[in-house]
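> Given next are the chains, with one letter for each unit.
Number of protein chains: 2
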Amino acid sequence: MPSHRPEQRPSEGVAATPQPPYYAVIFTSDLADDTDGYEEMAERMLELASRQPGFLGFESAREEGVGVTVSYWSSEHAVVQWKRHVEHRLAQKMGRDRWYRCYKVRVAKVEREYGHVMQDT
Amino acid sequence: MPSHRPEQRPSEGVAATPQPPYYAVIFTSDLADDTDGYEEMAERMLELASRQPGFLGFESAREEGVGVTVSYWSSEHAVVQWKRHVEHRLAQKMGRDRWYRCYKVRVAKVEREYGHVMQDT
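Protein chains in written order, with my numbering: chain A, 1 to 121; chain B, 1001 to 1121.
Calculated directly from the structure, the hints in this document are not laboratory data. Small disclaimer: the values here were computed from a predicted structure and weren't measured. Think of the CB as a built atom: it goes at the ideal place given N, C-alpha and C, for glycine as much as any other residue. Mixed in with the good hints there might be a few duds.
[Said to hold, decoys possible] Below are the SDA-like pairs computed for lysine to any residue, each with C-alpha atoms no more than 25 Å apart in a straight line:
hint, chain 1, residue 1, chain 2, residue 2
1, B, Lys1083, A, Met118
2, A, Lys93, A, Gln19
3, B, Lys1109, A, Leu46
[Claimed, not checked] Label-pair restraints from in silico Cβ distances:
hint, chain 1, residue 1, chain 2, residue 2, range
4, B, Ser1074, A, Arg51, 34 to 40 Å
5, A, Glu40, B, Ser1075, 18 to 24 Å
6, A, Arg44, B, Arg1112, 24 to 30 Å
7, B, Val1086, A, Arg112, 43 to 49 Å
8, A, Val80, B, Val1086, 38 to 44 Å
9, B, Arg1098, A, Lys93, 41 to 47 Å
10, A, Arg98, B, Asp1034, 39 to 45 Å
11, B, Arg1051, A, Arg89, 39 to 45 Å
12, A, Glu40, B, Ser1074, 20 to 26 Å
13, B, His1085, A, Glu87, 40 to 46 Å
Generate the whole structure from the sequences, applying the supplied hints.
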């Protein structure tokens, strides 16, 4: 499937981030009833984020209205730059006014990581 | 609905964590084809985690096999204690052997958070 996104999904959804330290922005949201235009905005924000300096990857899932999206960034500066991005700010405002019943954003410094990839048998 | 879980879901899925700093464990997984017994294990692990010292809450969603679960902990010590929990260790092994095609665990220190709750109109 052709994609404008960087190569960051080695296994359908798990981001291939570098060695820590780096930053994670954990965005958890509970959608309100009016989700008109939401999907398009989310797609667009992902596209914009992936072009930002310092973007390392993202992971996301939504289930029964609750979404957990984690984006990874090379530095805190990169996190702040993305937060201030003009179009992203507009989306944040629309999110508050309309799409999200509730959301929380947590900025966290990833200190260590470990993982596992199933071996082919 | 009766529950043994602490009060940590003010809005269907967004955890009511305290002021930072605290720790986040970001667990992202891609399920393999054999998911027999997986749901029961996931439920059980959540139940066990919520009884651990230092547990602050969790957020979770799964979509098309990709799951993003973030659990929050009061300290790094609490994170390590949970990782070493005997029954949790067994579940980790079964996960590697059977349920997860791929997973990644990231331990991160939450430095700041902000959020929004929609006002009733």
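> In this structure, is the beta-carbon distance linking serine 1074 of chain B and arginine 51 of chain A contained in 34 to 40 Å?
Roughly 37 Å apart at Cβ, these two residues keep to the hinted range, so it holds.
> Quick check on a hinted range of 38 to 44 Å for valine 80 of chain A and valine 1086 of chain B, using CB atoms only.
Since valine 80 of chain A and valine 1086 of chain B have Cβ atoms about 42 Å apart, the given range 38 to 44 Å holds.
> Taking the Cβ atom of arginine 1098 of chain B and the Cβ atom of lysine 93 of chain A, is their distance within the range 41 to 47 Å?
Once the Cβ atoms are compared, 45 Å apart, the range 41 to 47 Å for lysine 93 of chain A and arginine 1098 of chain B holds.
> Keeping to a limit of 25 Å between CA atoms, is the pair of lysine 1083 of chain B and methionine 118 of chain A held or broken?
20 Å, holds
> At the C-beta level, are arginine 44 of chain A and arginine 1112 of chain B separated by a distance inside 24 to 30 Å?
26 Å, holds
> The hint says 39 to 45 Å between arginine 98 of chain A and aspartate 1034 of chain B; measuring C-beta to C-beta, is that right?
41 Å, holds
> Please test the hint of 40 to 46 Å on the beta carbon pair from histidine 1085 of chain B and glutamate 87 of chain A.
The hinted range 40 to 46 Å holds for histidine 1085 of chain B and glutamate 87 of chain A, with Cβ atoms some 44 Å apart.
> Between arginine 1051 of chain B and arginine 89 of chain A, does the C-beta distance stay in 39 to 45 Å?
41 Å, holds
> Is the straight-line distance between the alpha-carbon of lysine 93 of chain A and that of glutamine 19 of chain A 25 Å or less?
Status violated; Cα separation ~34 Å.
> Verify the proposed pairing of lysine 1109 of chain B with leucine 46 of chain A, using a straight-line Cα cut of 25 Å.
24 Å, holds
> Glutamate 40 of chain A and serine 1075 of chain B, beta-carbon distance inside 18 to 24 Å?
Since glutamate 40 of chain A and serine 1075 of chain B have Cβ atoms about 41 Å apart, the given range 18 to 24 Å is violated.
> Glutamate 40 of chain A and serine 1074 of chain B, beta-carbon distance inside 20 to 26 Å?
39 Å, violated
Checked against the numbered hints given earlier, this structure breaks hints 2, 5, 7, 12; the rest are met.
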